[in-house]
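Oh and the sequence shown: position 196 is 196 in full-length UniProt numbering, straight run, nothing missing.
Be aware that a few hints might be false.
Okay, derived cross-link-like pairs now, DSSO-like style, lysine-lysine, Cα gap no bigger than 30 angstroms in a straight line [stated by the list, open to error]:
id	residue 1	residue 2
1	Lys213	Lys255
2	Lys177	Lys255
3	Lys118	Lys255
4	Lys91	Lys177
5	Lys177	Lys213
6	Lys117	Lys177
7	Lys117	Lys213
8	Lys117	Lys91
9	Lys12	Lys255
FYI, nobody ran anything at the bench for these hints, they're computed from the structure.
Being a predicted model, the structure only gives us computed values, none of them experimental.
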Amino acid sequence: MTDFVGLADLLKRENPLLLPVAHDALSARMIERAGFAAAAIGGFGVIGCRTGLPDLGLASFGEISAAVRDIAGATRLPLIVDADDGYGDVKNVVRTVRVYEDMGVSAIVLEDQVSPKKCGHAAVTREVVPVATAEAKLAAAIEARRNPDFAIVARTDARLVEGLDAAIERGRRYIDKGADALFVEAPTSIGELETIGAAFDVPLIVNAAERGKTPVLSPETYRDMGFSIILYPATLLLRMIGTFERTLAALRTGKFAEEGELPTFATLTNIMGMDEWMEIDRRHG
Numbered sequence: 001m002t003d004f005v006g007l008a009d010l011l012k013r014e015n016p017l018l019l020p021v022a023h024d025a026l027s028a029r030m031i032e033r034a035g036f037a038a039a040a041i042g043g044f045g046v047i048g049c050r051t052g053l054p055d056l057g058l059a060s061f062g063e064i065s066a067a068v069r070d071i072a073g074a075t076r077l078p079l080i081v082d083a084d085d086g087y088g089d090v091k092n093v094v095r096t097v098r099v100y101e102d103m104g105v106s107a108i109v110l111e112d113q114v115s116p117k118k119c120g121h122a123a124v125t126r127e128v129v130p131v132a133t134a135e136a137k138l139a140a141a142i143e144a145r146r147n148p149d150f151a152i153v154a155r156t157d158a159r160l161v162e163g164l165d166a167a168i169e170r171g172r173r174y175i176d177k178g179a180d181a182l183f184v185e186a187p188t189s190i191g192e193l194e195t196i197g198a199a200f201d202v203p204l205i206v207n208a209a210e211r212g213k214t215p216v217l218s219p220e221t222y223r224d225m226g227f228s229i230i231l232y233p234a235t236l237l238l239r240m241i242g243t244f245e246r247t248l249a250a251l252r253t254g255k256f257a258e259e260g261e262l263p264t265f266a267t268l269t270n271i272m273g274m275d276e277w278m279e280i281d282r283r284h285g
């Protein structure tokens, strides 16, 4: 990872900030190669690709933070990291903040679901903790950070549990507690997006989750509604899985699927840093 860049500085460079979500080190390298200003790391993709499991709170902080460390070590991009519910009580939240701040990530997202948390767009029931519990975790996270530019983003999943009004009220309380940005997860219509955007004057995140519950709109439309950070949590994964399915189905018959022009093998190895490592070998080997 390169020198630290805070979320506020990222928003000065690009607004809305487009954040493809990386699920491993290679996808992070691809995001960087494509010219994005930053990337996000989502628990959904990390857990799915690392363990083959759904995002239902089945992975520990140790497993997820190890994946984040791998990704952070593979890219120079600033990273915004999904920290789930902080992986426990306020003590665990403090540890989570310290670990990710030490890794050099730009921001973490803390949510208010009851543990074990669940994917915000999956067709499953979920619960949220009492507001006071979420506020205490936010307060602990804010107090624990050493760099004030390390951003703490508050996420509420109350929309699908308590309704939109309750989610907005939680958001206001989280901002009052000191959160640097807000993520109201899973609004289900353009009208709800407009209501959320009009309710806050802070950086707002929207989850452009294809095949999810929230309308997927253009970056300009989201920006006009008041959203300054756009996450693309499933965009790479859906296309990766789709390509895998088509390719493997064809290969099972002894053929190669027609997927358009493929990158060269040299391109593949260069994305993995082959040139850099061979130069080290040339100079010192």
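Each hint, compared with the structure:
The suggested pairing of Lys213 with Lys255 is violated, with an alpha-carbon distance near 37 angstroms, which exceeds 30 angstroms. Taking the CA atoms of Lys177 and Lys255, the gap is about 58 angstroms. The hint is violated against a cut of 30 angstroms. For the proposed pair Lys118 and Lys255, the alpha carbon gap of about 39 angstroms is over 30 angstroms, so the pair is violated. Proximity of Lys91 to Lys177 is assessed by CA-CA distance (about 18 angstroms); at most 30 angstroms being required, the pair is judged to hold.
Our distance criterion of 30 angstroms between C-alpha atoms is met by Lys177 and Lys213, whose separation comes to about 28 angstroms. Distance check on the hinted pair: Lys117 and Lys177 sit about 22 angstroms apart at the alpha-carbon level, within 30 angstroms; holds. With a CA separation close to 17 angstroms, the supplied pair Lys117 and Lys213 stays within the 30 angstroms bound. Between the alpha carbons of Lys117 and Lys91 the distance comes to roughly 18 angstroms, so the proposed pair stays at or under 30 angstroms and holds.
About 49 angstroms separates the Cα atoms of Lys12 and Lys255, which puts this hinted pair outside 30 angstroms; it is violated.
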